[in-house]
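Produce the complete structure using the sequences and hints provided.
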Amino acid sequence: QKEVEQNSGPLSVPEGAIASLNCTYSDRGSQSFFWYRQYSGKSPELIMFIYSNGDKEDGRFTAQLNKASQYVSLLIRDSQPSDSATYLCAVRSNYQLIWGAGTKLIIKP
Amino acid sequence: KAGVTQTPRYLIKTRGQQVTLSCSPISGHRSVSWYQQTPGQGLQFLFEYFSETQRNKGNFPGRFSGRQFSNSRSEMNVSTLELGDSALYLCASSPGTGDIQYFGAGTRLSVL
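One line per chain: the protein sequences are A and B, in this order.
Going by this note's numbering, the residue at position 72 of the first sequence is 72; the numbering climbs one at a time, nothing skipped.
Going by this note's numbering, the residue at position 22 of the second sequence is 22; the numbering climbs one at a time, nothing skipped.
It should be emphasised that the hints constitute simulated quantities derived from the structure, not laboratory data.
Glycine included, each C-beta is placed from N, C-alpha and C at the ideal position.
There could be a bad hint or two in this list.
Stated by the list, open to error - In silico contact screen, one side only, chain A against chain B (beta carbon under 10 Å); selected entries:
| hint | residue |
| --- | --- |
| 1 | Q6 |
| 2 | A17 |
| 3 | S32 |
| 4 | K42 |
| 5 | S43 |
| 6 | E45 |
| 7 | L46 |
| 8 | G100 |
Right under this line is the structure:
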């Protein structure tokens, strides 16, 4: 059973600090990794995707992938109250997206 | 480019009834996935269709079924509704299976 694990949280971070969200996966053959943000009562929206080992930056967001250790993380710099949401990790495994349960992030003003 | 359209947005049904939800994917996308989400829960995968064929299926009872038409629009059907079927049903479209998924606004189903 292919699995994607995330800490459910909530993760509480002060405004302006760095929020670090982690995700581990079981299938070593996984090739594509995605981070989605979901506000309460809304549908998930794509933040970033990463395919290669290392870091990928997009504005305040950085995705980090380590295939040897089978984890992918999302860093949010200069956290804002509007970043408060649930963050979902998804991993492509055998032409299917496997989803983590999500981490609830709370940014405290 | 129009996004993913789900209809209806809200639905109220009673136990034992059946319901059909509709999803129109982004133009050019051939894969449609369906998810159930209950409060505080993650996405529970129902099934995925690609070019009118069911490619993947989650662990839901046979009361949940779906289909995809030649224009890639998809429908999901739930028969003999139960109280526990109350949830947000999300549809996501992607160019192909396992690609980036783009979500519709969802259909919120309440079973009384």
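Inset, instruction - List, from low to high, the hint numbers that the structure doesn't satisfy. - result: Of the numbered hints given earlier, the structure breaks just one, which is hint 2.
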